[in-house]
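Colleague: What follows is the residue order along each chain.
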Amino acid sequence: MHLRLLDCGLVEPALNMALDEALLHGPAPATLRLYGWSPHAVSLGWFQRAAEFADLPAGTPLVRRLTGGGAIHHGCELTFALTVDAGLLPTDVAGSYALVHDALAAAIARVGITTRRLEHGHAPAARPGSRWCFAVPGRGDLLTTTGKLLGSAQRRLARPRARILHHGSLVLRRAPLTPFTAAVADTKDPDAVLPALKSAVAQALAAALGLATERDTATAAEMTMAMQLRAERYRDHAFTFGR
Amino acid sequence: MRPNDRKYLKSHEWCKVEKGIATVGITDFAVSHLSDLVFLDLPGKGTSVTIGESFGEIESVKAVSDLYSPVSGEVIEVNKELPDNLDWLATDPFGKAWMIKVKVTAETKDGMDSTAYDAHCAAEGH
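If you read the protein sequences in the order shown, they are chains A and B.
Residues in the first sequence are numbered consecutively from 1, following this note's numbering.
Residues in the second sequence are numbered consecutively from 1001, following this note's numbering.
Hint data in this document are derived by calculation from the structure and do not stem from the laboratory.
Glycine included, C-beta positions come from ideal geometry on N, C-alpha and C.
There's no promise every hint is true.
Which chain A residues face chain B? A few, computed with CB under 8 angstroms, are given here [stated by the list, open to error]:
1. Thr91
2. Asp92
3. Val93
4. Tyr97
5. His101
6. Thr114
7. Ala153
8. Arg155
9. Leu157
10. Ala158
11. Arg159
12. Pro176
13. Pro179
Simulated restraints on C-beta separations [as the list claims (entries may be wrong)]:
14. Asp191/A to Met1001/B: 52 to 62 angstroms
15. Asp102/A to Pro1003/B: 33 to 43 angstroms
16. Ala207/A to Met1112/B: 34 to 44 angstroms
17. Ala98/A to Glu1124/B: 17 to 27 angstroms
18. Ala1106/B to His237/A: 33 to 43 angstroms
19. Lys1045/B to Pro27/A: 55 to 65 angstroms
20. Ala1090/B to Pro39/A: 39 to 49 angstroms
21. Glu1018/B to Arg131/A: 34 to 44 angstroms
22. Glu52/A to Asp1087/B: 19 to 29 angstroms
23. Lys1080/B to Asp92/A: 22 to 32 angstroms
24. Glu1074/B to Arg159/A: 17 to 27 angstroms
25. Glu1081/B to Ala207/A: 22 to 32 angstroms
26. Lys1103/B to Asp216/A: 45 to 55 angstroms
27. Ala238/A to Lys1080/B: 17 to 27 angstroms
So here's chain A without its partners, still in its complex pose:
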């Protein structure tokens, strides 16, 4: 079995979310999609209330993620979506985060940036102190000396087959709405290290899963499903603002 690698470049926000959901429901056992955002956008966690973001600058694109956690301002970042059969990751949620984050820490180290995984930080709270994912580092997050560098969230399905979508956001340059994050740009030129970083992320995640990477593109069926989800869910006002 391989880890399919889809390097998608900059993609429109609603299509990003739709592609990730299409991959979650699709037949491939393991896929890693790497992407960025054009235009830059804010994504809300699944349970977040859109009304809490009424103060965003006019015209800020907003999408709702299938995954949990807080909002993210996706500026210049490397986003990844790992979609796998649930049996490929540890059963417990915390263990699955540890596996993914340790792999990402190894990948980030390969471009010369040291991070640490927060072992004893805040546990997630029902009423978190901030609406932003990166504002308050929590247990399991990857930090540098300047703050949180990587944020993650998941969606887990048990039916029709057990599957996991793991979203991760690795900040390359600080986004204007979330200036409190760490960023690759603190110590490295993001443009210079991005190709190596992508390769390292793919290799490290594949190694952690015991798989070999295989470059691929989304299938016609995946794209068809994604375009349908984009139109019916992720570009639907009620879907994004309904909570």
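Fit chain B to the given chain A structure using the hints.
Modeller: Just chain B, lined up with the frame of chain A:
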């Protein structure tokens, strides 16, 4: 020891049917593997639920998981206190932390007794 007066699903919900009314919740195994629960979304009274389809969602450690119904029917009661008392899921998953009560029109044929469910958890808990 898990109660043997109810059925269990592979997706870790439990269901106890008495006089045509099913009480539904999630198991201790599910709770321990989710950890740090933060949000629970349950259906409203009068909602129709269907065997094998999602009746709600729960979030833990930024992970959203669907809750799957072991029965079809109409929701006649919802544990409205539970979303504000998620610790009950850890302290009393088979009692106080019930989620919904459903007037049953059909039950899943895939329910396991507690012995079979224990074995399922042992196999899954790698």
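Colleague: Name the hints, by number, that the structure is in violation of.
Modeller: 5, 6, 12, 13, 19, 25
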